[in-house]
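Knowing the structure of chain A, use the given hints to seat chain B on it.
Read off the chains here:
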Amino acid sequence: MEQPAATPLIAEPKRGKRLTIRNNETMAGWLFVSPMLIGVTILVLLPILATLALSFADWNFVQGWNGIHWIGFDNFSKLLDDPAFTRSVRNNLVFLLAVPAYMIVSMVLAILIDRYVYWKGFFKVAYFMPYISSIVAVAIVWQVLFQPSYGPINEMLKAIGIDNPPMWIADPKFALTSIIMITVWVSIGFNLIIYIAGLQSIPRDLYEAADIDGANAWVKFARITFPLLSPTSFFLLVTGIISSFKVFDIIAVMTQGGPIGSTSLMVWYLYDQAFNNLKIGYSSSVAVVLFLFVLLITAGQWIAQKKWVNY
Amino acid sequence: MPEQLSRLDWRKLVVTAVLFALSILFLLPFFWMLVTSFKIENDVFVYPIQWIPKQWNAIANYKEVWFGDYPFYVYYLNSIKVGVITTLISCATASLAAYGFSKVRFKASGYLFVIVLATYMVPNQAILVPQFILYRNIGLFDSLFGLIIIGSFSVLGTFMLRQFFMGIHQEYIESAKIDGAGHFRAFWSIAMPLVKPAVATYAILRFIWTWNDYQNPLIFLRTDKLYTIPLAMQKFTSMSGEFYSLIMAAAVSAIVPLLVVFIIGQRSVIDGIALGGVKG
Chain A
1 MEQPAATPLI AEPKRGKRLT IRNNETMAGW LFVSPMLIGV TILVLLPILA TLALSFADWN
61 FVQGWNGIHW IGFDNFSKLL DDPAFTRSVR NNLVFLLAVP AYMIVSMVLA ILIDRYVYWK
121 GFFKVAYFMP YISSIVAVAI VWQVLFQPSY GPINEMLKAI GIDNPPMWIA DPKFALTSII
181 MITVWVSIGF NLIIYIAGLQ SIPRDLYEAA DIDGANAWVK FARITFPLLS PTSFFLLVTG
241 IISSFKVFDI IAVMTQGGPI GSTSLMVWYL YDQAFNNLKI GYSSSVAVVL FLFVLLITAG
301 QWIAQKKWVN Y
Chain B
1 MPEQLSRLDW RKLVVTAVLF ALSILFLLPF FWMLVTSFKI ENDVFVYPIQ WIPKQWNAIA
61 NYKEVWFGDY PFYVYYLNSI KVGVITTLIS CATASLAAYG FSKVRFKASG YLFVIVLATY
121 MVPNQAILVP QFILYRNIGL FDSLFGLIII GSFSVLGTFM LRQFFMGIHQ EYIESAKIDG
181 AGHFRAFWSI AMPLVKPAVA TYAILRFIWT WNDYQNPLIF LRTDKLYTIP LAMQKFTSMS
241 GEFYSLIMAA AVSAIVPLLV VFIIGQRSVI DGIALGGVKG
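If you read the protein sequences in the order shown, they are chains A and B.
Here the first sequence is numbered in the UniProt record's numbering, starting from 1 and rising by one per residue.
Here the second sequence is numbered in the UniProt record's numbering, starting from 1 and rising by one per residue.
Isolated chain A (complex conformation) (with noise of 0.2 Å):
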């Protein structure tokens, strides 16, 4: 064990043994980390230098080490000019509003479920459902929900007088709509858990507090669950734009990308360019873009963090 306070005078005549204690942690402090170290080097470190070496690259798999052109930054201007990679971006700054709309309905059932219901458990597992589940079965349960044609959804609003009820996946204009409303469904479970957790975290006596001083409802939210919230909500906010960058599964279950193109994200685009098309190097740039994204959004994390929250 290290001991930063022994006094130098004691310390001294002890040297040599020091040493070797320092050097028996540091030995063991390697060993503990190194198999993790060793499988994020191999398995994350390199492919992320590979990324970016492949982006200057024109390759694809077929050809052979020997088949790698260096071209420069021509990836990143053809990206500029393709019209199929700028609506992917388009698509997934659309796709963000579903963060937002996923954490207010959460944060109304959070407070509604803490303080309002009886049978807390059930909702909470009731709600929670959608994120365990294979989000692949539930995929397919959408899609076939959504049917146009015969599917129940649609056959629900024909009964009720909707005569010409929107074609949903099928159809262009709805497609993104449909995939931001599943997502919304999806997410609901994990945000109201977290905003619950920190409902239990806000001082009871802060609205015993505001009773006595007669505040409403309204003042109470507004005045003391909504800015108490403020960390919470910031840290979902931030983790639901990142993951709205990976938005994958859904996707190539669903629709991939398509009907043309209308719900291609940034990450289905790299992988339709990197495993249908071949392109790597072309799907690197991509990948670098979207790392790029990702890292402005965590970089815009701690300029804003120090402003916008309350502890």
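Just so you know, these hints were derived from the structure itself, not from any lab.
Computed from a predicted structure; not experimentally measured.
Idealized CB from N, CA, C, for every residue including glycine.
Among the clues, some could well be false.
Stated by the list, open to error - As a list, the in silico DSS-like pairs of lysine-lysine whose alpha-carbon atoms are at most 25 Å apart: (1) B/12 with A/120; (2) B/63 with B/81; (3) B/63 with B/225; (4) B/196 with B/63; (5) B/196 with B/81; (6) A/220 with B/81; (7) B/54 with A/158; (8) A/220 with A/158; (9) A/124 with B/12; (10) B/225 with B/235; (11) A/246 with B/235; (12) B/235 with B/81; (13) B/107 with B/177.
Stated by the list, open to error - Quick partial rundown of chain A residues pointing at chain B, CB under 10 Å, derived from the structure: (14) 30; (15) 36; (16) 61; (17) 62; (18) 63; (19) 117; (20) 143; (21) 188; (22) 242; (23) 284; (24) 286.
Using the frame of chain A, we list chain B on its own:
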């Protein structure tokens, strides 16, 4: 009885009723899936929806899904194998690293931790291509072992467990070492028992995430008989096209084991998620 009733808060009752109505929106798709899996194909889209099947075909449907052309029992075994082994290895690597980063004082510790943590920021799709090339070249492509390895080094798990290890007083570790135990003894006999609940929570979450993982099997597997459940489901759906009762039977089969794990570990899953604020 009347006394009890009067103690029921009417406002609370109304809110409960409203939220219950809303929760139907969350449960109904699952219920529809279950009911449909029991029906004969012709009844699937009959409107108004038959919430109780008129003609039961449950046994034939499930038999077809489990032992037909796409035998789900094979995919189940794959998923269980991958899920269990990934969870075990991941818990081991994560708790070792978490202990190393919190309880052993060595010089590089801080830098190493920041580097490891920084990799978490990178969307995993951004490194799929190099991982794919790597796997092709070292012979891990298209094998369950490769799939297990890719899920076995979790930065998130390390971060989560480190929080708990930091909560253990350093004196416990020091006194064990004064008694002559090395770090490994201290880790195994002192630290691990203390963080057992946290490791259990992480294990359940890791199992659920691995079970649900679609992306990695999609990229790293080719052979049909190696498929895990989510990938098999998707292939099954695109193959059996219009047989929705079968597809729903497959979906039910995919979700039920998770539901069991979730219900058993419900408290620790919900608390764990709340505590770590973690996301698959």
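Keeping to a limit of 25 Å between CA atoms, is the pair of residue 225 of chain B and residue 235 of chain B held or broken? 12 Å, holds
Going by Cβ atoms only, is residue 61 of chain A closer than 10 Å to chain B? 8 Å, holds
Pair hint outcome, residue 107 of chain B versus residue 177 of chain B [Cα-Cα no greater than 25 Å]: Holds, at about 20 Å.
Is the hint on residue 284 of chain A kept, meaning its closest Cβ partner in chain B is under 10 Å away? 6 Å, holds
Hint check, residue 188 of chain A versus chain B [nearest Cβ-Cβ separation less than 10 Å]: Hint holds; residue 188 of chain A Cβ to chain B Cβ min 8 Å, cut 10 Å.
Holds or violated: residue 54 of chain B to residue 158 of chain A, with C-alpha atoms at most 25 Å apart: 23 Å, holds
Given residue 117 of chain A was flagged as interface, is its beta-carbon under 10 Å from a beta-carbon of chain B? Result: holds, 5 Å to nearest chain B Cβ.
Hint check, residue 242 of chain A versus chain B [nearest Cβ-Cβ separation less than 10 Å]: 8 Å, holds
How about residue 63 of chain A: closest beta carbon in chain B under 10 Å, or not? 12 Å, violated
With 10 Å as the cut and Cβ atoms as the points, is residue 286 of chain A at the interface with chain B? Nearest chain B Cβ about 9 Å off; hint holds.
With a cut-off of 25 Å on the C-alpha distance, tell me whether residue 220 of chain A and residue 158 of chain A pass. Distance of about 43 Å is beyond 25 Å: violated.
Assess, step by step, whether the Cα of residue 12 of chain B is no farther than 25 Å from the Cα of residue 120 of chain A, and give holds or violated. 12 Å, holds
Hint check: violations occur at hints 4, 6, 8, 17 and 18; the rest are consistent with the structure.
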